[in-house]
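Novice: Two chains, each in its own frame: build the complex with the hints.
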Amino acid sequence: MNFSVIRKTLGALLVFEAIFFLVPAITAVCYGEWYELFIFLICIGICGGLGGLCVLPKVKNKNMYAKEGFVIVALSWVVMSLFGALPLLLTGTADSFIDALFETVSGFTTTGASIFTGEQIDGMAKSLLMWRSFTHWVGGMGVLVFVMAFLPLSGAQNMHMMKAESPGPIVSKLVPKVRQTAFILYAIYSVMTVAEFIMLLCGGMTVFEALHTAFATAGTGGFAFSSKGMAYGPYIQIVLTVFMLLFSINFTSYYLLLCGKPKEALTEEVRTFIIIVFTAITAISLNVHFMGNFEGKGSFADTLRQSAFYVASIVSTTGFGIEVDFSLWPQLSIGILMLLMFTGGCAGSTCGGMKLSRWIILSKGGAHEVGRLLHPKQVRKIMMDGRVVEHEVVRSVNAYLVAFILIFCTSILLISFDPLVQGDFTTAFTSVATTLNNVGPGVGEVVGPMGNFAGFTDFSKVVYMFDMLAGRLEIFPMLVLFTPATWRR
Amino acid sequence: MKIIIVGCGRVGYSLAGKLNADDNDVVVVDVSAEKVAETTAQFDVMGVVGNGATFSVLQEAGIADADLLIAVTNSDELNLLCCMIAKKEGNCKTVARIKDPEYSKEAQYLQKQLDLAAVINPEYEAAKEIARVLRFPSAVRIEPFGEGKVELISIRLGAGNLLVGQSVREIMPKLRANVQFAAVERGDEAYIVHGDTVFEEKDVLTFVSTPKDAVDFLTKIRRKRHAVKDALIVGGGVITRYLCDILGSSVALKIIEKNHDLCEEFASKYPKTTVINANPSDYALLKEQGIEKAEAFVALASLDEENILLSLFAKEWGVKKLVSKINRIDYDGVVAKLDLDTVVCPKNLTADIILRHVRSAKNVHGSNMQNFYNVVQDQVEAAEFIVREGSAVVGKPISELPWKQGVLVASIVRDGKVILPRGNDSILAGDSVIMVTKDVALFDIEDALA
Numbered sequence: 001m002n003f004s005v006i007r008k009t010l011g012a013l014l015v016f017e018a019i020f021f022l023v024p025a026i027t028a029v030c031y032g033e034w035y036e037l038f039i040f041l042i043c044i045g046i047c048g049g050l051g052g053l054c055v056l057p058k059v060k061n062k063n064m065y066a067k068e069g070f071v072i073v074a075l076s077w078v079v080m081s082l083f084g085a086l087p088l089l090l091t092g093t094a095d096s097f098i099d100a101l102f103e104t105v106s107g108f109t110t111t112g113a114s115i116f117t118g119e120q121i122d123g124m125a126k127s128l129l130m131w132r133s134f135t136h137w138v139g140g141m142g143v144l145v146f147v148m149a150f151l152p153l154s155g156a157q158n159m160h161m162m163k164a165e166s167p168g169p170i171v172s173k174l175v176p177k178v179r180q181t182a183f184i185l186y187a188i189y190s191v192m193t194v195a196e197f198i199m200l201l202c203g204g205m206t207v208f209e210a211l212h213t214a215f216a217t218a219g220t221g222g223f224a225f226s227s228k229g230m231a232y233g234p235y236i237q238i239v240l241t242v243f244m245l246l247f248s249i250n251f252t253s254y255y256l257l258l259c260g261k262p263k264e265a266l267t268e269e270v271r272t273f274i275i276i277v278f279t280a281i282t283a284i285s286l287n288v289h290f291m292g293n294f295e296g297k298g299s300f301a302d303t304l305r306q307s308a309f310y311v312a313s314i315v316s317t318t319g320f321g322i323e324v325d326f327s328l329w330p331q332l333s334i335g336i337l338m339l340l341m342f343t344g345g346c347a348g349s350t351c352g353g354m355k356l357s358r359w360i361i362l363s364k365g366g367a368h369e370v371g372r373l374l375h376p377k378q379v380r381k382i383m384m385d386g387r388v389v390e391h392e393v394v395r396s397v398n399a400y401l402v403a404f405i406l407i408f409c410t411s412i413l414l415i416s417f418d419p420l421v422q423g424d425f426t427t428a429f430t431s432v433a434t435t436l437n438n439v440g441p442g443v444g445e446v447v448g449p450m451g452n453f454a455g456f457t458d459f460s461k462v463v464y465m466f467d468m469l470a471g472r473l474e475i476f477p478m479l480v481l482f483t484p485a486t487w488r489r
Numbered sequence: 001m002k003i004i005i006v007g008c009g010r011v012g013y014s015l016a017g018k019l020n021a022d023d024n025d026v027v028v029v030d031v032s033a034e035k036v037a038e039t040t041a042q043f044d045v046m047g048v049v050g051n052g053a054t055f056s057v058l059q060e061a062g063i064a065d066a067d068l069l070i071a072v073t074n075s076d077e078l079n080l081l082c083c084m085i086a087k088k089e090g091n092c093k094t095v096a097r098i099k100d101p102e103y104s105k106e107a108q109y110l111q112k113q114l115d116l117a118a119v120i121n122p123e124y125e126a127a128k129e130i131a132r133v134l135r136f137p138s139a140v141r142i143e144p145f146g147e148g149k150v151e152l153i154s155i156r157l158g159a160g161n162l163l164v165g166q167s168v169r170e171i172m173p174k175l176r177a178n179v180q181f182a183a184v185e186r187g188d189e190a191y192i193v194h195g196d197t198v199f200e201e202k203d204v205l206t207f208v209s210t211p212k213d214a215v216d217f218l219t220k221i222r223r224k225r226h227a228v229k230d231a232l233i234v235g236g237g238v239i240t241r242y243l244c245d246i247l248g249s250s251v252a253l254k255i256i257e258k259n260h261d262l263c264e265e266f267a268s269k270y271p272k273t274t275v276i277n278a279n280p281s282d283y284a285l286l287k288e289q290g291i292e293k294a295e296a297f298v299a300l301a302s303l304d305e306e307n308i309l310l311s312l313f314a315k316e317w318g319v320k321k322l323v324s325k326i327n328r329i330d331y332d333g334v335v336a337k338l339d340l341d342t343v344v345c346p347k348n349l350t351a352d353i354i355l356r357h358v359r360s361a362k363n364v365h366g367s368n369m370q371n372f373y374n375v376v377q378d379q380v381e382a383a384e385f386i387v388r389e390g391s392a393v394v395g396k397p398i399s400e401l402p403w404k405q406g407v408l409v410a411s412i413v414r415d416g417k418v419i420l421p422r423g424n425d426s427i428l429a430g431d432s433v434i435m436v437t438k439d440v441a442l443f444d445i446e447d448a449l450a
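Residue numbers (our numbering), protein chains in the order written: chain A, 1 to 489; chain B, 1 to 450.
For the record, the hints were derived by calculation from the structure and aren't laboratory data. Careful: at least some of the hints might be erroneous.
[What the hints assert, rightly or not] Within a straight-line C-alpha distance of at most 25 Å, the following computed SDA-like cross-link-like pairs (lysine to any residue) qualify: (1) A:Lys263 to B:Val31; (2) A:Lys381 to B:Val36; (3) A:Lys163 to A:Tyr400; (4) A:Lys163 to A:Val79; (5) A:Lys177 to B:Val49; (6) B:Lys315 to B:Arg156; (7) A:Lys62 to B:Gly187; (8) B:Lys438 to B:Gly158.
[Stated by the list, open to error] Just a few of them, taken from the derived set where beta-carbon distance is under 8 Å, the chain B residues facing chain A: (9) Asp25; (10) Ala33; (11) Asp44; (12) Val45.
[Unchecked claim] So these bits of chain A aren't anywhere near chain B, every CB distance computed over 12 Å: (13) Phe38; (14) Leu75; (15) Gly296; (16) Leu339.
The beta carbon of each residue, even a glycine, is placed where N, CA and C say it ideally should be.
Excised from the complex, chain B in its bound form (with noise of 0.2 Å):
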């Protein structure tokens, strides 16, 4: 697939290499031409200097015969523009990155009179994976699927968890749980669960039911958390701004900022939430503000370096819940390693969402993807589909069909009702299936088999 990225900053950036990495035809725009260069030293993409929003540019970029082009520069108008020449001058599909709460409300608008194939907000989508979280603080992430009907929830094995130690196979009668284990991230390195793995500690266990079963689960291993019902949330960007919205008044939350004006405007706009204009690297007021108390801790300041030393401090304080946002720090291992709970990325979640659209595009047989999620970056996926009439997998029992080494269904959706497949049961067309998969790329759900 031929595609133009407009934008080299940290989302364009990322997509380059994902939607490299996924073979498609990549050429970057940028006005600055040393972050061109940046990237396209780095990945296999063609590179154009200029204004994306202008004629020429997007002509010399191949315009003519591309299939998509995303608009992810950091300025909404520009992305629109872009977007609209595009449409204008090529047959191609757009997406465009809209950042900006007031233009966001009315994206589903946008999104029609301009013939967007989809509006991305990073920022929106990271508060409300952020929400999800607070509202059930037990999940290092949560992602929903089957139209909210399964989940997808990971959550860290702590010391004396009671699956430490245990396998699969010894576990699973004793729980009497109705939950399908997906995976499992241990340091780098991410597993696909299978009957013989053993849990150790540290390890993030990521698998699949409906809401009600996985607290239930969580119940029998002693996990259960109750919602937070408040939280210290530092800096007040456009993801807290997003967060206040979700969340209403069912959370109480308590926002350190350092711009006065930006406190006054959330104050005026918010005026349920607790606004305190300071520096938030100042300890002693994280502690007059009340940090060991607080349910949850959030770190949403600009810097990735200060979120993680503000949630490692606040881990110190023995607060439950830390939420980190990291965007720009690639060393994905380490952070991992400091144990900081729910890690969120903006720009990650973005491109799980182009990488849907792309992969459904280029999908030729017609089981549509719906959902895609990225597990574990580059190694675990999460892909929901559509079984269409006809298709290879469908009307044998899963056991019986030659699935690929790193491939799970991991739960099907029939008529609304959530089935855990166990190795008898059959895949019908019109299924909505969700298969997890390590290092397999999926584009249809015929290529999980081999």
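One chain only, chain A, in its complex shape (with noise of 0.2 Å):
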């Protein structure tokens, strides 16, 4: 292990987290928020002194192998969510430092599940409504991607870290230098961010409101910045669905019609991404239309619009709520929304969940199994885009899906002891699956889109935690760090 190529990263990093802190500081000055603004400050001393120490220091041995790589992620991940929870908790905005670190953790993996009652978010101050937000739209293209398309790092061995960071199990680069790539995705993610804050601009929205949402949304993150959700009139609704919908398309799509290559950027993946939301929207207004009997069900033209809406929220994991509460709503709908947690967007955006390529490659290969139960010598290869998957990606993506379930299962089990879940195993569920798959609000009283996770112990913070970091840097980098081999001689 090259503990001195790690600091140096991990180091760099926290350089970057001091300038990600002018943004909150910027908000402290335009709101006049001055003690906001004095922990901020505090905060960007912190790290900005911390890193240069680190970073400082000439690294002799540049080696870096996929195992650093996975290490570098992990621990990034981490250590970004420790420093990032100190404004919170300086302020005296949590109430302790585990809830701080949940809310950081939530943000920066774009889970968007809070601990705050919809009364401490109004109450809150606007640089760390800022600051929450910002977190969201930094882990929603990666971390260390940022860092990457910044700074010439050790050179080619960062696709170490690309690969583990960036979400889907197929990561490849749009142009030959890793660092181009990086600049090339962000670059996309900010024109695409900024004509959202533009567009919600126009619907009415104060200037700081909409670079919140606009923040929460690019990273499928999901804090609001009120008590009422999304419930701000159609318009506004129809411009976060279509960009949380686009913000969940991968971005090597983008860069291919951007080359004038739209049949390449129509990928499989995209074109069922396209079918599945769809029959989900159809679904859902037909089903809560007729079968739906709540208070507050509005005309079709309304259901139809509140069902794309949270068909888009749940589907890119961004998890906004508005004035209805998808709860109420019929089962069938409701059941179509939690698999829709689990299908997650496409690979290579900024969403959660298992990500449609990696159902894709699974299901294709359940019906090669039953194919091969009819015909036991036959050859076949599971094609995606009329090319041959490799053997390595399916395995792989075949371990992801028992990882996943382990964990999930593990879990469930841990979250049990907590008293809040007795006799409720759709909260225990849902609760997991959400912060697993990087959603955001489960279905119930407690961790549904009005609900908060205040009221889990500690314990239980500490498991949705790492679900949120297992969820966001699919599992792998999570279980090396863990893997006692890894910091073997």
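Specialist: Structural data, given as structure tokens:
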């Protein structure tokens, strides 16, 4: 294990975190929140100073292999979250360190699950709200991808980090150099964020609200700036629906579109995603309209808009809520939404979940198994977009599913100790599902769109934090971090 | 520069690494997903899996805006086809590797007809290098510059060499030899020679001089040896064939080859050589074939390990000149410590030729790079430039120019005459200048200025 490279990279990351703190600091200046500004300046000092100390010593051995790549990725998310929790803790907004950390992990992993009640959020300083939302934006595309785009790190082996941090079973570059690839990704990401920001401004949001919401949508996070969620009228909801879906599509597709290759941009995964989204919206709106029976049910147009919003919100794993609570919808609709939670969007986007391409590979593999029962000697290859999916990829997808299920089950068992979930399996199940898939809200009174995670014990919160990190980093980096063999000489 | 490399074999892999280190955008193409994965895991390059001679794969690799395509697969025909399609589809220069001697004879014709920027033949380059050291056995390496007027020669300083323990400043007035010391290789490290450098035993010293002065210098330090008159060659591959072509009847060659068919082919093509059909790792046989009396031993078997062992064995038997081909093994440092005399690496020779093309093409100032040679892999390079009118290096005495650390003006060829520059000499426009650098990559002679 090359500790000096790890130290240096983490140091660079802290320096970047200090720069990230400038965003809420500027917000604090704009709103005259001098106390918060003071806290943010302290945080900038801590991160910048500590980061600088770690970066400055020269590194002799620059060798970085897959092992270091995984460890750096996992550790950087932990470190980012630990220091990112400082403002919430120092201002006294969060009651305890665990609460502050939960909120930050939830932010960086773009989960959007909160430990704050609606009233607390309404009373929170604007700069702190902005920081929460900005963590979504940074976490969405990946912290290290950001560092890579702006810092010449030790060279070729950066791809190990990019692979470990980027979502999806197959991570490939857009252009030959890792650094340029990272740069292009962030450029597309930023342009889309700005586009959404402008559209939201047109819908009558204030600059703060529009910026906050744009950050939260881009990272498919889901922190809201007020207790009312996104109950902001049809225009805003439609804009958000569109952008949540746009941010769940593979960014490679946008790059291919820009290069003038629309046919190649429309990959099998993207096509499947579009079909799934439309089917889900149609099924849910019909189901809710004809079978739904709850307070506040509107016309069919309203229902259609609300179902589209929730489908986009869940499939993109953003987790925004609106005026209606989907927990009150008929069971079929809730079931569909639960399934969407597990599929997530496309690989290479900012959303969580297991990613569609994995499900495509898994289901094709399943179909092949059935085929093999009928023709035992048959040789078949899994194809995607007219290409053979390498055996290595299929294997890692299978392993991913197993690891995912194991972590899911273990987490449910651990959560079962919590007094809050006694006699309430829905909460236990959906709270783990929503954190492991980085969605945000679950189903039910406690963790539904109107609830929060404040009431859980610290132990449960730690479990949720692990799940959120494991979900965002696609499990294996976290497992590598906790494998003794990683740390042995 | 955007470069596509088709074929991720030994040559393709090492090219990908070097071109990437030179800050180019490299895309590698190979039919084997495994090989592509290996290359992309090691270097910051992009990979495409597929047949590089198909239009769709080349398009995916970005042929439309590529500047250079290098086809180095194992098949000559495929390489040529690749280059033809690339020429049709993109606006790029193409370089093809040609291995087969039959095509190689027609390399000039192919290059012209297919509009190739260069045809590279690693095996032929290796054979040329081997022929050079056989003709001049004192040298570990020898590379001609300035159209053959100057040579870059490396020698190993054995025990009892006059130079050992002396500094350059002390030895030069005593020797009165017309040579320019350039670099010293000591263990894993290489250094540019300066006045205070003290030579040690086992150093490999690289110097620049005219061929005549080199002989004079070697005579003075009592290291001059006559051209080899007979050599024992192990392995009857393509390099051996080229070597027979180049050396002709000037050297009596004895070839030991396992494969009977190959032996018959050699015997019919080169009747003057002695062809022995036997397993070369049979040491009794090597003794029977007179290994202890051979003037030179050339190990060109397909396995690197076999070549190393055979050369060590020949060294034990007191053969003076050893040449071993090492292609795959990358333990450069370890091999260097074995003291194997001349080590020839075809893939590195190829990489040198391509690097010269790439750097010339990237060079915007217009001082054309004529020749490029990696003296010590990844450490010391030698490059030859024609200096253009108005260049920043022109007109001032060399000692007054702000050279970068690790840069040496090794020699100047002006109007066919060789000048070994001293501090008050100056470079003129039109001169051909040979630069030796350590850890500095030159694209243009002006890059050597701080």
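Novice: The structure should be examined with respect to each hint, and the outcome stated for every one.
Specialist: Here is what the structure says about each hint:
{"no.": "1", "hint": "A:Lys263 to B:Val31", "in the structure": "holds (24 Å)"}
{"no.": "2", "hint": "A:Lys381 to B:Val36", "in the structure": "holds (20 Å)"}
{"no.": "3", "hint": "A:Lys163 to A:Tyr400", "in the structure": "holds (15 Å)"}
{"no.": "4", "hint": "A:Lys163 to A:Val79", "in the structure": "holds (19 Å)"}
{"no.": "5", "hint": "A:Lys177 to B:Val49", "in the structure": "holds (18 Å)"}
{"no.": "6", "hint": "B:Lys315 to B:Arg156", "in the structure": "holds (15 Å)"}
{"no.": "7", "hint": "A:Lys62 to B:Gly187", "in the structure": "holds (21 Å)"}
{"no.": "8", "hint": "B:Lys438 to B:Gly158", "in the structure": "holds (24 Å)"}
{"no.": "9", "hint": "Asp25", "in the structure": "holds (4 Å)"}
{"no.": "10", "hint": "Ala33", "in the structure": "holds (6 Å)"}
{"no.": "11", "hint": "Asp44", "in the structure": "holds (4 Å)"}
{"no.": "12", "hint": "Val45", "in the structure": "holds (5 Å)"}
{"no.": "13", "hint": "Phe38", "in the structure": "holds (43 Å)"}
{"no.": "14", "hint": "Leu75", "in the structure": "holds (22 Å)"}
{"no.": "15", "hint": "Gly296", "in the structure": "holds (52 Å)"}
{"no.": "16", "hint": "Leu339", "in the structure": "holds (33 Å)"}
Checked against the numbered hints above, the structure violates none of them.
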